[in-house]
Amino acid sequence: MTIEKINTWQATALLTMSIIPTAILFPPAVLAELAGRDAWLAFLLAGVLGLLLAGFIIILSSAYPEYNLLQIGEAVMGPFFGKMITLAYVFFFIIVSAIVVREFSAFMVSSFMQFTPLEILSGVIVTMAMYAIYLGLEVICRVSEIVFIVVMTSLLFFVVLSIPELDLRSILPVVDSGMQPVFNGSIVFFVWTGEIFFLSMLYPYLNRPAQAWQAAVITVSVVTIFMVISVFITESYFGFQLTSRILFPLLAYVRLIGIGFWERIEALVILIWVAGMYIKISFFIYMAVVAVKQLFGLSQYRPLILPMGSLVFILSVIMFENTIEISVFLRDVWPFFAPLYALIFPLLFYLTHLVKSLKS
Amino acid sequence: MQNQRFYGRKLLVLLLIVSLLLTGGCWDREELEELAYVLAMAIDYLPDEEKFEVTTAIIRPLNISGGEQGGGGDVEPFRLITTKGDTLSTALEQQNAFVARRMYFAHTEVVIIGENLARRGMHTVLDRFVRERDLRMSMQLFITSEDVKDVMRSGSKIEEGMPVFLTRWQERKDGQILAPVVDLRIFVKNLLSSGIDPVLPRLSIRTERPISPQETELAGKDSSEMVVYPKVLGTAVFKGDKLTGFLNDYETLGFLYVQEDIQHATVMIDDPLGNPGKLVVFILRNHAEVTVLQKEGAPAARIEVTVEGELC
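Protein chains in written order, with this note's numbering: chain H, 1 to 360; chain F, 1001 to 1312.
If we strip away everything but chain H, and leave its shape as in the complex, we get (with noise of 0.2 Å):
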């Protein structure tokens, strides 16, 4: 088999596509509900912080060119010690996977397909990226340059149309009720902006890895950009009040966007959405599967694909009982999880990297 390669576009575009669909669901009201009109400066240091994480991923992975994240845990803790770590590794990416595939479906159920079965769309989602997964990083890599055109452009579209809307009085008093709540906003989406270090599942395939910055620079930049943008425009329209009672105030905005006699246009604004889904789908499931694979030293990923896919369906389909204990769960219970892969674990690695290396 040959050795996947991918270039520092394509990662730009993965990585771009594997925040941003979920990003723009549950925290902007989220954040208008933890930081009021200040939700704008928790996205920006959510951001900071992001561009900070995936500078210390450069770092790390660049110490172990050839590695992945979970090859490099094991090659510094020891077989015993990365074999644990590899395998909470497992569990995160597959309950990650999950959160995801639910938010899609229960997105689609409670704004737009009501009588449908949430079974049915999760299970529509995860066999079509099942097969992508099948097919190998690089296709997906390919779909996701297509994908990331396709969703920057609508976006970039949302954003232009929405300008004379924007009332830049509305973030008035900045800061008014203290730093606290800006901090508890952007512990939140910092879970979003920390999937960065995704970066360092997909370092080895990089043709150019020194070309690794750009694509988290962009990657962070572009999502912090966006989402500053959009909560501009959600808190100057809803105000921060009602945003946060909205559970996706930017569908709310979208539903309201009309272009000449052209009204109703969210339904376009959807199907790009969705392609995006696809891809964070796909990817998040690919990693769980590349874990495995990881865990177990086995020389190839593609039995795995069918039982990895119909776990993380069920996991998606019994892990919440509606669509509120997702929001909650993002809330009050993910921003103390997520931080450990994507931070503490990779933190661990590089120290015990540098002891090694000051011993030898």
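Derived from the structure by calculation, the hints contain no laboratory data. Predicted model only: the values in this text are computed from it and were never measured. All residues carry an ideal CB built from backbone N, CA and C; glycine is no exception. There could be a bad hint or two in this list.
[Claimed, not checked] Among the chain H residues that face chain F by a calculated CB cut under 10 Å, a handful are:
| id | residue |
| --- | --- |
| 1 | Phe56 |
| 2 | Ser110 |
| 3 | Ser111 |
| 4 | Gln114 |
| 5 | Arg255 |
| 6 | Leu256 |
| 7 | Lys356 |
Given the coordinates of chain H, assemble chain F onto it according to the supplied hints.
This is chain F only, laid out in the frame that chain H set:
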């Protein structure tokens, strides 16, 4: 022989795929002709019966699909349906008895709220509005002190019926100095913001004797009958979600000056040279500044309005 079996299998697979096409279909599909488009809604609370009463104006499908054939005597583009219920949702549910289609609110542009309901508190209906999947936050709200059914029944001077009149009213750019333009989004936003209480335009009716024979014909009445027209004039003022009172047209004008919402309007002034008669100035720009200060211990506001315009 082997070849034949191979083709047979291929054909079978092809047949299966083709037959799948017939069973397919979108789960939540919605056909245009299976929907009842609610153009406008009027809601009031009946204190005696403790019930909500809702009147919807539903577009008559024949008028749209039939085109020319629909003409003739009956030109009414929509029909009104009135039902009652313990809540807004149950009242709307009752409408299904009269409508053979799914009530579709995505194109509802106008909602008229009766005074009784507004005084009781808007929270009883707002939640339904904000949650409804199809409803758009851009629909216009109006308050009326009249019987909401009379308002819904009223005609219009030049538009095809009251809902169209109200839709056009909020869309136009000039002459909006008689009432504020407020949609659901602005109302809820102001309701939830601290320090701001919402307002709504006031809708009332005027009964008059038909002026021209065409007008009588348009209303479908004979010439001795009176015709009813809606008019938007004045402001309904809320404290929280409860209606507290109305501003008349003069007070509304002042309110709109402070809100910087005056557009394409005129202002009448005395001639600065002291000549007899008045000057009328067409307003191009309107700027208001509100400063809060303390006066004898009590908070007070100083309002400064600057208006720039041209003679007309």
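Hints, one by one, checked against the model:
Against a cut-off of 10 Å between C-beta atoms, the interface hint on H/Phe56 is violated, since the closest Cβ of chain F lies about 41 Å away. Nearest Cβ of chain F to the Cβ of H/Ser110: about 8 Å, under the 10 Å cut. The hint holds. Taking 10 Å as the C-beta cut-off, the interface hint given for H/Ser111 holds, the closest approach to chain F being about 7 Å. Given hint, H/Gln114 at the interface with chain F, holds; its Cβ is 6 Å from that chain's nearest Cβ, closer than 10 Å.
Hint on H/Arg255 holds. Least Cβ distance to chain F is approximately 6 Å, under the 10 Å limit. Hint status for H/Leu256: holds, given a least beta-carbon distance of 5 Å to chain F, under 10 Å. Of the supplied interface hints, the one on H/Lys356 is violated, with its beta-carbon coming no nearer than about 56 Å to a beta-carbon of chain F, more than 10 Å.
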